[in-house]
Amino acid sequence: MSAHVPIPTLRALVSVWAALIVLTGTTVGVSFLELGEWNVVVALLIALFKASLVAWVFMGIRHSNAMTRLFCVAGLVWLCIMMFITFSDYTTRGWTYQAQPWSHPKAGGSH
Amino acid sequence: MLARLLFLADLELFPPAASAQAGPIDDLYWFEVIVSAIMTVLIFAAIVLFAWKYRRRPGVEAVQIEGSTPLELTWSILPFLVMLVMFGWGAQLYFAAQQPPKDAMEIFVTGKQWMWKIQYPDGNREIDELHVPVGQPVKLTMASEDVIHSFSIPAFRIRHDVVPGHYDSVWFTPTKPGRYHLFCTEYCGNQHAGMIGWVTVMDQRAYNNWASGGGSQGTLAEQGEKLFQQFGCATCHLLDQQGRCPVLRDLYNKPVQLSDGRTVLADDAYLRESILEPNAKIVRGFEPNVMPNFRGQVSEENVIQLIGYIKSLSPQTPASQQGSQQPPVVLAPPGTPAKASPKPKPAPGR
Amino acid sequence: MATLAHHSAETEIEPVDYLNVEFGWKSWLLTTDHKRIAMLYLISITLMFFVGGAAAVAFRINLLEPEGIFAPETYNRLFSMHGIVMVFFFLVPSIPATLANFFIPIMIGAKDLAFPRVNLLSWYLYVIGAAFTMYAVLRGGVDTGWTFYTPYSSTYSNSYVLAAAFGVFTAGFSSILTGLNFIVTVHKMRAPGMTWSRLPLFVWSNYATGLIQVLGTPVLAITLLLLAFERIAKVGIFDPNIGGDPILFQHLFWFYSHPAVYIMILPGMGVISEIMACFSRKRVFGYNFVAFSSMAIAVLSFVVWGHHMFLTGESMYTGIAFSILSFLVAVPSAIKVFNWTATMYKGSVSFDTPMLYAFGFIGLFTIGGLTGLFLASLATDVATHGTYFIVAHFHYVMVGGMVMAFLGGVHFWWPKMTGRMYPEAWSKFAALIIFLGFNLTFFPQFILGYLGMPRRYHAYPPEFQMLNVLSTAGASVLGIGYLIPIVYMLWSLKYGPKAGNNPWGATGLEWKIQSPPTTFNFDETPIVTEEAYNYGEAEGVHG
Amino acid sequence: MADATVPVSHEPTAEETHLRHHFANSAQQTDASTLGMWTFLITEVLFFGGMFMAYAIYRATFPDAFASTSEYMNVILGGTNTAVLICSSLTMVLAVRAAQLSSRKGLILFLILTMIFGTIFLVIKGFEYTDKWREHLVPGFNFHYAPAQFEHNAQILFFLYFCMTGMHAVHMIVGLGLLTFLIVQAQRRVFNANYFAPVEMIGLYWHFVDIVWIFLFPLLYLIGHRT
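Heads up: the protein sequence lines correspond to chains A, B, C and D, in order. Quick note, the numbering used here runs 3 ahead of the 1-based positions in the first sequence. Quick note, the numbering used here runs 96 ahead of the 1-based positions in the second sequence. Quick note, the numbering used here runs 585 ahead of the 1-based positions in the third sequence. Quick note, the numbering used here runs 1 ahead of the 1-based positions in the fourth sequence.
Chain A with its partners taken away, still in its complex shape (with noise of 0.2 Å):
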């Protein structure tokens, strides 16, 4: 009576870390090229394809329950809520407070 996870195949596994360590070179090359803000953007997104895949097949998300995929990503969206109010303080309010931003709605951002 184990737990009936059915047993990776040496293919499988072999194949998910060749897709890492390429995804790292990539992930290295793209930083060398001047995207601006993109370079952060995609830095990210590599990194989160990373972690899925690590997730999916090497912790075996593929083969795991709703709940455990609830309880997988839960972690992630909690952060996310914490960090996306944050920044909405930071965004809503500048880093220095501006002691009457209302008083000069234009002269801010005018670039």
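Just so you know, the hints here were simulated from the structure itself, not pulled from any lab data. A portion of the hints provided could be inaccurate.
[Claimed, not checked] Calculated Cβ distances over 10 Å to all of chain B for the following chain D residues: (1) 144; (2) 172; (3) 186.
[As the list claims (entries may be wrong)] Okay, derived cross-link-like pairs now, DSS-like style, lysine-lysine, Cα gap no bigger than 25 Å in a straight line: (4) 611/C <-> 1079/C; (5) 1013/C <-> 149/B; (6) 377/B <-> 213/B; (7) 208/B <-> 819/C; (8) 819/C <-> 126/D; (9) 198/B <-> 350/B; (10) 322/B <-> 350/B; (11) 213/B <-> 198/B; (12) 350/B <-> 208/B; (13) 149/B <-> 931/C; (14) 350/B <-> 377/B; (15) 1097/C <-> 1079/C.
Glycine is no exception: its CB is placed at the ideal position from the N, C-alpha and C atoms.
Go by the hints and put chains B, C and D onto chain A.
Just chains B, C and D now, kept in the frame of chain A:
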């Protein structure tokens, strides 16, 4: 009996309302008190009624009731609608509390363990005492030298944290002459309870007398100018021609182009940052690392004086909006400091 | 434990239960039985409660005189100790680690929590955390308040911040492990037939609590760690004088600490659901809504933390958003209050001590909750923030609510936990004293608050004296009120009448087994065939 | 069970050997420990999350200072370490697979390989830390930053760098301890195709630590090192 005892103890149960803000906030407060009281009475009454009426009696069994979705929805949605009123009302007052009128008189407050230092544009300085003329909107620009303080005048129903590293601001229009408490309401260390001061609201004439009475060391701008010389700022910030550093004349409240392409407004917060950490935002066309960091070299009060001086270098800004915001008080000689009347925003409430 | 051992030794014919199955230090300190761990927790949190309570009485005495009686250092350390001990070492673990630890497995028909050894570890972490905090207190105390606001805590305070913060950090892991254990237990250990819709509401509320503990507490842990590093290395992560941002600390801190107030109150709400059903002999009105509201509170509690920061220079727009979200989280709490009240409708209400505490809870929590609206509403928050109004508000919720629920729960389940009844007359008297003392202590503080008296002042302007004296008088009454149950509960361990398996005629699996339960709770895994609170078919006890 | 070999019949079932008293059967036990592990990982996400948030806030606030620090980040060492950790993840999952196949030797071999990769990671990390010390980049104790205008703000980044990688390294060390425990257990023939839950759980932990690094690497080493 109790009432007499309270009377004898000269007990206040409600604070005086001495600012234009106090009335509207009290109105909301009483609205909330009444709603809460009604809810409390209803729930208490229901508990007492049910507990008594359905008390355990021999032979009487409880009637099993599952629940009722319509009822649940009713008592979820109805209270929420009432709460929406509180929200909207509160948010509107909060929004107004963040917008000082353009003719507000500007006073500077520095919190420091454990005192409030007050600086007036005409150069007067006080500790733990704030004098304001009745009917004149006052905007406080506040800074902290050390930890977080919170500036609170209960009689005015105003309060704002004074967070180090920022300028915080709060404004009010005093309406009743008198002396009122000024508290620090954010725990700031040992003598937190000692950070109590007084606000004195005086009529305009008394205020003028008071303002001219102090042995002033010159206006805020003059004090700032002294510091400007003392720190040697003038060697690089030349008044009328380009030096190694930007010209400060006509700078205040103007947009400034930075070397990284951004544009910022040269307001109090920007000027403060540029004094304390000059490299944070470099003006286009200038080199970084020319000016030393003044963090730790000048106190927040000095910064306020320096900003006062810089402001005085931009006496009449042509842009009408900014011009009207420019408080003329800054340059007015002592004795005729404030524009007492006409207020663009008549004090609401009482 | 001496009393317990003694008692069971002299009555040899008694059946074996979890208390008399083994004796000696080791059998307690190395136990993995959730019931024994719950009792260990009960003893430890009671000790901490009296430490925190003593501090409270002491600083209330200081406030008899406007200029204060003690030195400001003493006062500041007393209120900080009161806050830290009460929040992290009493309120957070109070019901989850004791009553829920004891009863969740029984209520769902399990033999133990999912991870018994982790459960024991969690108690040890609690003890270590408490020891560090007490060390800080004995060395001279900590004076930052329980919020540890930077930069005061990281740069300016010269008290024992690090030891106290480490204590809280460790206790945080204790809380995380408790929550983790509950979540897994409720998911995986339910007896056959114990579906989610049959779970007692106490289990629901503790499940929701577990979610908050797991999702929120790690953020507190890392925040305190960053604070400690800043204090040690003097790097400006939160101190603006060296480049940091104190508001970031508040965001991180309140991301945990606002949900934490629901860690404190949700289990209490679960207790009240049990008590209201039992002593009205009715199914809880609107079971689904009460259960759902616990989950709604758990989720919404994570998006309202900014209402602690309306005045810090937080963005006005964020403030407005937080304000409406805070009103939103009031709705599920209101749902609960209405449903408890409606539960009595056409019931058969008796006035046993747990029910008196439940009445107290509903009344005081209602006031506490409604005054919360003043603080969610932006303009009145400006007028009351940082004053005694806040102090009164959260004491109405935490003490008026949570402590009432805790005492109600302890009285309710005492016969099951110990097999003995407590003296009824004394317990009713104590409940009354506590209720009166509580209101006398904290109601004047609402008035003081709107008058503007700031919290954490060791001295105050003389016009506030009368109300402060009233409050201190109430605190003494309250203090005595809390001592009475200790005395008669200990007394009842030996002299209390035998309780029997189901003294209240309650439904629920915990009442179907022996009192006190055996080590494995059930001889055979029960099969659940009925809804929770099936009082329609349960036979009554009192005629 | 698609491509699984049939478990050898004489092996004891988990019920006989490892079922703890309070579980009904070992499926329930395994389910509980899996869910428990995932719940624990949620707490880990939020634990690291606090630091990620601080990083994000300060990076958004001081973009120039943060960009300037990238010169001091060793992309080669960081990249190598990423590859090393990915390899260790592979060997970890192979160890679990070996356990599923009841291959004791394979299990021990792959666990040892995982430990070796983990140790290599820590050694490289150690070299990086030494470099940082030599370059006076340890905040609070030994910090002198070259573009002086960024000194304060760069110090925050290095502070976060040390916090995040340090916490990660602590998790690695804990992981190595757990792996040692597994190897000892495996030597004692505790695991077989019917019972390998501890290997699986510790595997989840190890992969999680790997995932944390997968995010740390671009955030600390790559972003902004061109701008």
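Hint check results:
1. 144: Holds, since 16 Å exceeds 10 Å.
2. 172: holds, 33 Å
3. 186: Holds, since 52 Å exceeds 10 Å.
4. 611/C <-> 1079/C: Distance of about 23 Å is within 25 Å: holds.
5. 1013/C <-> 149/B: holds, 21 Å
6. 377/B <-> 213/B: With Cα atoms ~29 Å apart, residue 377/B and residue 213/B exceed 25 Å; violated.
7. 208/B <-> 819/C: Holds - the C-alpha atoms of residue 819/C and residue 208/B are around 21 Å apart, at most 25 Å.
8. 819/C <-> 126/D: Given that 25 Å is the threshold and the Cα spacing comes to 24 Å, the pair holds.
9. 198/B <-> 350/B: holds, 17 Å
10. 322/B <-> 350/B: holds, 24 Å
11. 213/B <-> 198/B: Holds, because 24 Å separates the two Cα atoms, which is no more than 25 Å.
12. 350/B <-> 208/B: violated, 31 Å
13. 149/B <-> 931/C: holds, 8 Å
14. 350/B <-> 377/B: holds, 15 Å
15. 1097/C <-> 1079/C: holds, 24 Å
Checked against the numbered hints given earlier, the structure breaks hints 6 and 12 and satisfies all the rest.
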